[in-house]
Amino acid sequence: NAGVTQTPKFRVLKTGQSMTLLCAQDMNHEYMYWYRQDPGMGLRLIHYSVGEGTTAKGEVPDGYNVSRLKKQNFLLGLESAAPSQTSVYFCASSYSGPRGVYNEQFFGPGTRLTVL
Amino acid sequence: QQQVKQSPQSLIVQKGGISIINCAYENTAFDYFPWYQQFPGKGPALLIAIRPDVSEKKEGRFTISFNKSAKQFSLHIMDSQPGDSATYFCAARSTDKLIFGTGTRLQVFP
Numbered sequence: 001n002a003g004v005t006q007t008p009k010f011r012v013l014k015t016g017q018s019m020t021l022l023c024a025q026d027m028n029h030e031y032m033y034w035y036r037q038d039p040g041m042g043l044r045l046i047h048y049s050v051g052e053g054t055t056a057k058g059e060v061p062d063g064y065n066v067s068r069l070k071k072q073n074f075l076l077g078l079e080s081a082a083p084s085q086t087s088v089y090f091c092a093s094s095y096s097g098p099r100g101v102y103n104e105q106f107f108g109p110g111t112r113l114t115v116l
Numbered sequence: 001q002q003q004v005k006q007s008p009q010s011l012i013v014q015k016g017g018i019s020i021i022n023c024a025y026e027n028t029a030f031d032y033f034p035w036y037q038q039f040p041g042k043g044p045a046l047l048i049a050i051r052p053d054v055s056e057k058k059e060g061r062f063t064i065s066f067n068k069s070a071k072q073f074s075l076h077i078m079d080s081q082p083g084d085s086a087t088y089f090c091a092a093r094s095t096d097k098l099i100f101g102t103g104t105r106l107q108v109f110p
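Just so you know, the protein sequences line up as chains E and G, in that order.
My numbering applies: residue 1 is where the first sequence begins, and numbers increase by one.
My numbering applies: residue 1 is where the second sequence begins, and numbers increase by one.
For the record, the hints were derived by calculation from the structure and aren't laboratory data.
Incorrect hints may have been included.
Derived, one-sided and incomplete: chain G residues facing chain E with beta-carbon distance under 7 Å [unchecked claim]:
#: 1; residue: ALA29
#: 2; residue: PHE39
#: 3; residue: PRO40
#: 4; residue: LEU46
#: 5; residue: GLY101
#: 6; residue: PRO110
Cβ coordinates follow ideal geometry from the N, Cα and C atoms, glycine included.
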């Protein structure tokens, strides 16, 4: 099992350019998440999905869009990149599971994005 | 309030010492409190998690202490090792989402 994979690993964009980050998981997880990690700010949830065809906003959704057309894939799009979106982006996935247990979120290796 | 406050921001401990990281929260609806460990260049990975009806959970050298009335929880790393040098994040779960603390960079020197 590859677990959670992210493509690309690094990317440099110019302000106003667009791009799509791809997250794939082979664990048959229902839930998938996109986070951004910035120094001193921890991990902040951008968007998440509780199943194929569904998406929802997290803490910092502005400037990003997502799609979950297939259960195993979760795409994060930047329509018009801004320097404030320079960050490390992590994808994660987990089982839905019963309410009384903690279902671990498995994280990908991250994508380092720089917007000039 | 959907925040989780974490301290200290950085921590330097000598090998064999005890590392302690603290977190505080406001939302009583949080139903799980995990800790994640992140090594440089890697994604975070679950270290240990606790429910709010349990006051302590221990896994090897790692222990979570939970104080429900104070809305605080902490991670204790006993006999800290250089291999424990990493960034640690506390988190709280709210309806399938995690709210993360800002992280603590731990450095353990031999």
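Verification of the supplied hints:
no., hint, in the structure
1, ALA29, "12 Å, violated"
2, PHE39, "11 Å, violated"
3, PRO40, "11 Å, violated"
4, LEU46, "5 Å, holds"
5, GLY101, "6 Å, holds"
6, PRO110, "27 Å, violated"
Hint check: violations occur at hints 1, 2, 3 and 6; the rest are consistent with the structure.
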